[in-house]
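Number of protein chains: 2
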Amino acid sequence: MSAATFFTPVQAGIQLVEERMRAQADPDTNPDMAAALDHLLQAGGKRVRPTVVLLVGNLLGADREKLVILGAAVEMLHTATLVHDDLIDSALLRRGIPTLNSKWSPTATVLTGDFLFARAARLASEVDNVELMKRFAETLATIVNGELTQYFAAHGLISRENYYGRIYAKTASLFEMCGLSAAMIGTPDETIQAAFKTYGYETGMAFQIVDDILDFSGEQRAVGKPLGSDLLQGLVTLPAIYYAETHPDDPNVKLLVSGHWRDEQKMMQLITSIRHSEAIRLALAEAAAHIERALQALAQFPLSVERDALADLARYILNRRS
Amino acid sequence: MSAATFFTPVQAGIQLVEERMRAQADPDTNPDMAAALDHLLQAGGKRVRPTVVLLVGNLLGADREKLVILGAAVEMLHTATLVHDDLIDSALLRRGIPTLNSKWSPTATVLTGDFLFARAARLASEVDNVELMKRFAETLATIVNGELTQYFAAHGLISRENYYGRIYAKTASLFEMCGLSAAMIGTPDETIQAAFKTYGYETGMAFQIVDDILDFSGEQRAVGKPLGSDLLQGLVTLPAIYYAETHPDDPNVKLLVSGHWRDEQKMMQLITSIRHSEAIRLALAEAAAHIERALQALAQFPLSVERDALADLARYILNRRS
Chain A
27 MSAATFFTPV QAGIQLVEER MRAQADPDTN PDMAAALDHL LQAGGKRVRP
77 TVVLLVGNLL GADREKLVIL GAAVEMLHTA TLVHDDLIDS ALLRRGIPTL
127 NSKWSPTATV LTGDFLFARA ARLASEVDNV ELMKRFAETL ATIVNGELTQ
177 YFAAHGLISR ENYYGRIYAK TASLFEMCGL SAAMIGTPDE TIQAAFKTYG
227 YETGMAFQIV DDILDFSGEQ RAVGKPLGSD LLQGLVTLPA IYYAETHPDD
277 PNVKLLVSGH WRDEQKMMQL ITSIRHSEAI RLALAEAAAH IERALQALAQ
327 FPLSVERDAL ADLARYILNR RS
Chain B
27 MSAATFFTPV QAGIQLVEER MRAQADPDTN PDMAAALDHL LQAGGKRVRP
77 TVVLLVGNLL GADREKLVIL GAAVEMLHTA TLVHDDLIDS ALLRRGIPTL
127 NSKWSPTATV LTGDFLFARA ARLASEVDNV ELMKRFAETL ATIVNGELTQ
177 YFAAHGLISR ENYYGRIYAK TASLFEMCGL SAAMIGTPDE TIQAAFKTYG
227 YETGMAFQIV DDILDFSGEQ RAVGKPLGSD LLQGLVTLPA IYYAETHPDD
277 PNVKLLVSGH WRDEQKMMQL ITSIRHSEAI RLALAEAAAH IERALQALAQ
327 FPLSVERDAL ADLARYILNR RS
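Protein sequence lines, in the order shown, are assigned to chains A and B.
Number 348 marks the last residue of the first sequence (my numbering); no jumps.
Number 348 marks the last residue of the second sequence (my numbering); no jumps.
So here's chain A without its partners, still in its complex pose:
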C-alpha cells in the first residue's frame, strides 16, 4: 500500500494548505523568520493532520475554504511544537534535515516557535467558530502540559497511566482535534462529531505507539535519530513497558526501575533485549486495536471516496516503516 492511496482525494487541498502556511510570512514578517518558515515548510513531513481535516470535512461536505484554514492551523501548531521540542531535546536532525536548533541560537528558535504558535492561533480564529477556537486553545494547553510533565517527571518511570497520558497529550490530542473540528465545520450533529473525534483519537494513539515502536525497530536513517533514543533519555515507552512486565527479573529492568537509566551501556543492552523480544509485537497489537476502533467509528458512514481514504490512512499509520 502506498501513501498515495489516501492522499489522492486531497492532493489539491493539501497544496492549498501549504500555500496558506507559506502566506503566514507576510511583508511585515522579519526576513530571517520568513526564511526559517520556508526551511520548515520545505522539510515537509507527510501532512497527515491536514489530510485528516480535509478528508473528514469533505466527507461531510464542509466549507472548503474553512477546511484549508483549519488544516494550515493544525499543521502550523504541530510545526511550532516540533520547533520547541527540538530545542528541548537539543535535536540536530528532524526527518533527516537539520533542525533550526542546529543552525540558530536557542533564542531565535524560541521566537520562531512562538511566531508559529501566534500564526496558528490567528489561522484558527479565521475559521470563525468560537467552539472550534476553544478546542484549539485547549489542545495547545494539553500539548504543552504534556511536554512539561514529560520534562519534569517521566524519567525512568514505568507506568502505563503515565505513558497513555503522555502520548495523548503529545500526539492524540491534536489528531482528535483534527477529526472533531473538521466535523464541527461540516455538521452540527454531535453524534457525527463524536465519531470523528474517536477516529482522530484512536489514529493518534496508534500513531504515537508506532512511532515509539520504530524507535526500537526502525532503520536509524529512516527515523533520523539513534535507535532506542527514548530509553537513553529515560523515556519509557510501550515496548519497554511490555518488556518490563514480561521480564521483571532482567537485571537491566531492575536498574531502570531503580532510576539508573543514565547507565548508557546497560540501557543499550536493554534496548537490544527489547528489540529481540515479543514486546514489539505486543505493542504493535495494541496499536492495531486502536486502528480497529478508528475503523469501527467510520463504519456508520455510507461508502465514499473519503471514507475509504480515511480507512487507508488509519491502516497506513499502523503499517508505516518511518
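Think of the hints as simulated: they come from the structure by calculation, not from any bench.
Values in this document were obtained by computation on a predicted structure and should not be read as measured data.
Note that beta-carbon positions come from the ideal geometry of N, C-alpha and C, so glycine has one too.
Any given hint could turn out to be false.
Straight-line Cα separation of at most 30 Å, DSSO-like style, residue types lysine-lysine; simulated pairs [said to hold, decoys possible]:
id	chain 1	residue 1	chain 2	residue 2
1	A	Lys160	B	Lys72
2	B	Lys292	B	Lys280
3	A	Lys160	A	Lys280
4	B	Lys72	A	Lys72
5	B	Lys280	A	Lys160
6	B	Lys72	B	Lys160
7	A	Lys280	A	Lys292
Computed Cβ-Cβ distance ranges for the label pairs, DEER-style [stated by the list, open to error]:
id	chain 1	residue 1	chain 2	residue 2	range
8	A	Ala49	B	Ala325	52 to 62 Å
9	B	Arg347	A	Asn188	46 to 56 Å
10	A	Asn188	B	Pro132	47 to 57 Å
11	B	Val331	A	Gly70	51 to 61 Å
12	A	Leu308	B	Ala60	28 to 38 Å
13	B	Val331	A	Glu187	52 to 62 Å
14	B	Ile184	A	Arg347	50 to 60 Å
15	B	Ala325	A	Asn188	58 to 68 Å
16	A	His302	B	Ala61	34 to 44 Å
17	B	Ala69	A	Gly87	47 to 57 Å
Far from chain B, some chain A residues (derived; all Cβ distances over 10 Å) [claimed, not checked]:
id	residue
18	Gly139
19	Asp154
20	Leu183
21	Leu261
22	Thr272
23	His273
24	Val283
25	Arg288
26	Arg301
Starting from the known structure of chain A, fit chain B onto it as the hints suggest.
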C-alpha cells in the same frame, strides 16, 4: 497622585482577574508548572492592562464576566512574553524578584511561557467573540514578530522608524488591544471602539517611551536592572535617538553609528552624556504628547468615574518613577 486613584473603581474586578489567572493551574496541570505560575502571579506587577480593560468595559456597561476573562487573558499573554523575554535577555531579576530563568533550566522556562500562551489563548476564546479572538491572535503575532526584529536587526541601529515599530510591537499593540477589545465587548459602535483603540495605542506608546527613559534616568533598584542596560545591549531607544540627533559629532555617537556598541566603556560614557542632556526632557515631551492624544480620545465621553480613572491612569503612566 497615587496609583490608588485609578485602581479604586476596579479593585474588586482586579481581584477577580487574579483569581481567574490562578485558576489556570487546574488539577491536570503539572505541579511544577503550577508552582511557577504562582511565583509569577506573586511577582505581581501593577496590572495596568487589565485595569484598562475593566475601566473601558465598565464605562460602556459591558458584561462583567467577559471583562474579567479578557483581563486575565491579556495579563497572561503579557506574562508569557515576559517569561520568554527574560530567557532571551538572560535576565535574572524582574520587578526585583528572581526570574524563572534564574532558577529554572531554559527548557522549563520555554515550556512555562508556552503554557501561559496556551492558557491566554484559551481565556481569550472564552470571551465568545470571534473578532476579539482574531485581534488577540494578531496581537500575539505582532509582539513575537517585534521580538524577532529586535533580536535580529536592531543592534546599534539609530532609526526612529525602527524604534516606533519596535515599541508598538512590544507594548502599544497589547494596550491597543486592551482598549479596543474591551470596547468591542461593550458596544458595536465602531466610532466608540476606535476612540478606545486610540486611548490604548497612545497610552501604550507613552508607557514604553517612559520605560525607555527610566532605563537612563531611573533609580537602579526601582527599575531592577543596571542603568543604560538597553544601550549596553545595542538597543537604541528614544533618549539615545534624541541625543544622537542633537549631538552628531560626539565621538561616542559616531562609534555607536558605526556599530561599535559592544565597547562597554565608551557606551557607559555615552549613557552618562545622555543622562545629563536635554534628550531625556525631549523624549518625555514626546511621551506627554501621546498622553495628550489619549486624553483627547476620552473627551467625547460624558463625565464618569471610569473616564476620570482612565485619565488618571494615562497621567500616571507619564509620571511614574518605576
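Ascending list of hint numbers which this structure does not respect:
Those not satisfied are hints 3, 4, 5, 8, 10, 18 and 19.
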